[in-house]
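Model the full assembly from the supplied sequences, consistent with the hints where possible.
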Amino acid sequence: MSALGDDVLYRPVTELAFQVRGRKISSVDLTLAYLQRMKWFDSRLNAVVTATSDLALRQARAADAEVRRGRYRGLLHGIPYGAKDLFATAGIPTTWGAVPCRNQVFNYDATVVRKLRDAGAVLTGKLAMVEFAGGLGYRSAGASLTGACRNPWNPARWAGGSSSGSGAAVAAGLVGFALGTETWGSILCPAAFCGVTGLRPTYGRVSRAGVMPCADTFDKVGPLARSAADCRIVLEAIAGDDDDDHTAASEPVQLARGSGNRASRLRAALVADDFTVKGAEPEVKEAFGRAVGVLRSAGMRIEAVKLPELPASEVAGTLIALEAITNFEPFFRDGRVRQLKDPYAPYQPEINAEVSGADLVKAQRMRRTLQERMRDFFATYDVIVAPNFLSVAPTIDSDLYRALPYADPLGAIGNACGLPAIALPCGFGRDHMPAGLQIVGPPWSEGLLLDLGELFQQRTEFHQQRPPLRSTAR
Amino acid sequence: MSRTRVRKRAVPRASTGRAGDARPPEAPAPTSRRRFLRLLAAGSAAALAAPLAAPAARGAAAPERAAPASVQAEIRKQKRQVTATLKAIRAFTLPVGSPQAGTFAPLGPGRRGSR
Chain A
1 MSALGDDVLY RPVTELAFQV RGRKISSVDL TLAYLQRMKW FDSRLNAVVT
51 ATSDLALRQA RAADAEVRRG RYRGLLHGIP YGAKDLFATA GIPTTWGAVP
101 CRNQVFNYDA TVVRKLRDAG AVLTGKLAMV EFAGGLGYRS AGASLTGACR
151 NPWNPARWAG GSSSGSGAAV AAGLVGFALG TETWGSILCP AAFCGVTGLR
201 PTYGRVSRAG VMPCADTFDK VGPLARSAAD CRIVLEAIAG DDDDDHTAAS
251 EPVQLARGSG NRASRLRAAL VADDFTVKGA EPEVKEAFGR AVGVLRSAGM
301 RIEAVKLPEL PASEVAGTLI ALEAITNFEP FFRDGRVRQL KDPYAPYQPE
351 INAEVSGADL VKAQRMRRTL QERMRDFFAT YDVIVAPNFL SVAPTIDSDL
401 YRALPYADPL GAIGNACGLP AIALPCGFGR DHMPAGLQIV GPPWSEGLLL
451 DLGELFQQRT EFHQQRPPLR STAR
Chain B
1001 MSRTRVRKRA VPRASTGRAG DARPPEAPAP TSRRRFLRLL AAGSAAALAA
1051 PLAAPAARGA AAPERAAPAS VQAEIRKQKR QVTATLKAIR AFTLPVGSPQ
1101 AGTFAPLGPG RRGSR
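Going down the list, the sequences are from chains A and B.
Under this note's numbering, the first residue of the first sequence is numbered 1, with each subsequent residue one higher.
Under this note's numbering, the first residue of the second sequence is numbered 1001, with each subsequent residue one higher.
For the record, the hints were derived by calculation from the structure and aren't laboratory data.
Warning: the hint list may mix true and false statements.
With a straight-line Cα cutoff of 27 Å, these simulated DSSO-like cross-link-like pairs (lysine-lysine) come out [unchecked claim]:
hint	chain 1	residue 1	chain 2	residue 2
1	A	Lys278	B	Lys1079
2	A	Lys306	B	Lys1087
3	B	Lys1087	A	Lys362
4	B	Lys1077	A	Lys341
5	A	Lys278	B	Lys1087
6	B	Lys1079	A	Lys362
From the derived model, a few chain A residues whose C-beta atoms are all more than 12 Å from chain B [as the list claims (entries may be wrong)]:
hint	residue
7	Gly5
8	Phe18
9	Asp273
10	Ala403
11	Trp444
Facing chain A, from chain B, some residues (calculated, C-beta under 8 Å) [as the list claims (entries may be wrong)]:
hint	residue
12	Val1071
13	Glu1074
14	Ala1101
15	Gly1102
Ideal Cβ placement from N, Cα and C applies to all residues, glycine included.
Written out as structure tokens, the structure is:
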């Protein structure tokens, strides 16, 4: 058993890397400690689908051997991580979080898994997710092969979705960092509810080859980690074009710290959602207000504005529904869709049958118009600052339609336009559950968003807070 | 073009397909020109006449049993939400000449012998 304690396992990648490189900690010890912690805590969290212990120890031993030989691959060398269970991993089950895929095994790695392996990272587990990443809808936390993923801050509450295990595992210190995906909200939501930092990259920034397709023109791959600095390290390793994914952009990857403007030269649009709507919580509003104060004190000019008016939620919702129905058509065709836990998933084609071809084409044209309006918007403002969710994580037995009844216009716009966003913990709401803010930028502005995230986290300590986990096994 | 190469399809263990098969087991036979034209004609007519989602609905295996009343109520609710969504999309006025949704470009010839 490893002697490494919580203090080490909660350290950011930036610190762990220094210790692995200096041989103060071996990757094997680190890996064993994370695997042990997974064993202790996961029965209470449901964050892990498959612990990849054998592979992890092989990779960790190889990483240590390379360090001893003086070959150091970079900051992820020897660092254990987890991947949402929709990234293909050769010879290891990839369940897509869904009962009908529980025995699915690919014979290749997703591009991002290969890139992380090449960077020396150690895969310790495949992490829980909402079935099919929520592409066919879901209204309960239990709509997952592994059941509801519980929140480390309070296991009676949900970890968020659809990258549920990625958020929970990072928050619980079960991994050094995690990979998630977002079609609409699936990185930002678990980041907010679990109090971790998440980065949704620009559409096309990261290859999706070998990743479960949900809604092809919306799907993005991004990191969830302990800090913005850690997200930068992971994104640097996974970003870039890919012959296996024609949507992976050849846009230069410019993520170096300081690539954006100084905060005092930035003009930010404040989209302060209406906290009088049903489901919004005043404690989250207060936490967000204080976070805006922190950004203002750093010199940012922040002005309250309204987003361009266009039915973005309707456009995004329609396109995602139809893209997902077509992607999962084989499951409808052979009836396996009925094995999903969401009872309404089998009826999605019927529910959406009213959508005509003309509606679809119009929604696509409206999406393009929305993109142009946002391009004009970002000619005036550098970034958008907004609350992430208006309430803290609901309880795991909640009807999610009722527990989270408010709209998400910025999420709709951000995902319809393929815009990057960073999710940052910014305080606590009811029952000491995490609250978060988001900063959204124009396409390819990840470097700027990470700079702002680091700036915020230099002035706050919310990202360093740990949930009060207690293991009965210790 | 799919974002995962054909050879990189998921191969469930229970599947009849072999890992690494060049074509998934359910892939149709290559389409002849005559068959292609028939399909094209039928497709054009269908696109004009039928809602886009209908083929997916027809292709779907019908739920085995009638859904419980609570599920049926939720389905009706979700259908009403779709109707409301479409109302918003249909009410939005796109100016004539608004940009097209995607960029269409003819594909150049592939290398001889390539798929």
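Quick rundown of the hints versus the structure:
1. For the proposed pair Lys278/A and Lys1079/B, the alpha carbon gap of about 23 Å is at most 27 Å, so the pair holds.
2. For the suggested pair Lys306/A and Lys1087/B, the alpha carbons sit about 23 Å apart, so the restraint of at most 27 Å is met.
3. At most 27 Å may separate the alpha-carbon atoms for a hinted pair to count; Lys1087/B and Lys362/A meet this at roughly 12 Å.
4. Of the supplied pair hints, the one linking Lys1077/B and Lys341/A holds, its CA atoms being roughly 19 Å apart against a limit of 27 Å.
5. For the given pair, Lys278/A sits about 23 Å from Lys1087/B by alpha-carbon distance, which is consistent with the 27 Å threshold.
6. Distance check on the hinted pair: Lys1079/B and Lys362/A sit about 20 Å apart at the alpha-carbon level, within 27 Å; holds.
7. Consistency note on Gly5/A: stated as away from chain B, and its beta-carbon is indeed over 12 Å from all of that chain's, at 40 Å minimum.
8. With 12 Å as the threshold on Cβ separation, the claim that Phe18/A sits away from chain B holds: the shortest Cβ distance comes to roughly 37 Å.
9. Every C-beta of chain B lies more than 12 Å from that of Asp273/A, the closest at about 19 Å, which supports listing it as non-interface.
10. Even its closest Cβ contact with chain B, about 16 Å, leaves Ala403/A beyond 12 Å, as expected for a residue assigned away from the interface.
11. Look at Trp444/A: its CB is around 18 Å from the nearest CB on chain B, clear of 12 Å, so calling it non-interface holds up.
12. Nearest Cβ of chain A to the Cβ of Val1071/B: about 5 Å, under the 8 Å cut. The hint holds.
13. Residue-level restraint check for Glu1074/B holds (minimum Cβ-Cβ distance to chain A is 6 Å; threshold 8 Å).
14. Here the hint on Ala1101/B is kept, as its CB sits about 3 Å from the closest CB of chain A, short of 8 Å.
15. With 8 Å as the threshold, the beta carbon of Gly1102/B comes within range of chain A, its nearest partner Cβ sitting at about 7 Å, so the hint holds.
The structure shown violates none of the earlier numbered hints.
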